[in-house]
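Engineer: I would like the entire structure built from these sequences, with the hints used as guidance.
Oh and the sequence shown: position 93 is 93 in full-length UniProt numbering, straight run, nothing missing.
Simulated from the structure, these hints should not be mistaken for lab results.
Okay, derived cross-link-like pairs now, SDA-like style, lysine to any residue, Cα gap no bigger than 20 Å in a straight line: (1) 133 - 57; (2) 133 - 101; (3) 133 - 211; (4) 133 - 191; (5) 133 - 91; (6) 133 - 97; (7) 133 - 196; (8) 133 - 157; (9) 133 - 205; (10) 133 - 207; (11) 133 - 214; (12) 133 - 195; (13) 133 - 192; (14) 133 - 198; (15) 133 - 215; (16) 133 - 154; (17) 133 - 158; (18) 133 - 59; (19) 133 - 123; (20) 133 - 189; (21) 133 - 32; (22) 133 - 58; (23) 133 - 197; (24) 133 - 28; (25) 133 - 210.
Everything numeric in this text was worked out from a predicted model, so none of it was measured.
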Amino acid sequence: MTSHGAEPEDFMELAARRRMSFQRSPAAVSPRGLFDDVEPAGRFRFLVAAVVAFSGRGFHATTTRDIATVAEASPASLYTYYDTKSELLHEMSAITFRYVIDMLREIVDRGAPPVETISVIVREYLRFHAEEKIVVLVVNRDYRALGLSQLAELLGMADEIHQIVESVVRAGIEQGDFSVPDVHTATRAVLRLADVSPWFNERSSRTIDELADHHVGLILQMLGHVSAD
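Structural biologist: Below, the structure is given as structure tokens:
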């Protein structure tokens, strides 16, 4: 196998370049414009390029030169905005986590009953992960490669997401809408089931709304909710 090692490497290089080229548009990388508030423009450009590069090769295999190539800039110009590729990964991860936290808090703050609230959470969480699957896959796969202080910050944000959803599940239990033996595990299951980013395909015969309907029903059943209909 070692005598033929160059061929697989060449193939992977070509595949990575093709994938990078296909995803270069900021709108294709993040349909919701997660990074649109990042300034100045050069910083935004390199952040989007980093998402593309990490998506194609993974954080560890990607070099700052790769990121600069996707951004169609010189490697030296990247260092005007970021000292390391870890800074890029940390920033994209923090922005993504914060977006989800704000989205979930806005839903909970509406004050709807737990069944309605968890249904909206599942729909919006699923929709986000389907639409932003390029960014989500990079963040979920790679953010644990960060240093301890950056990782601790992001793990805290991930825990905040869990706590928001768990509070709704607990409220549902208190009101007799849900019945689960382990609230923490049930909450993790809700978040895992609603994260369709690893397998969602926009060319699927099922639309995002149809997937959301299916997952809402599945998750309510898992939480022990019995419809009054």
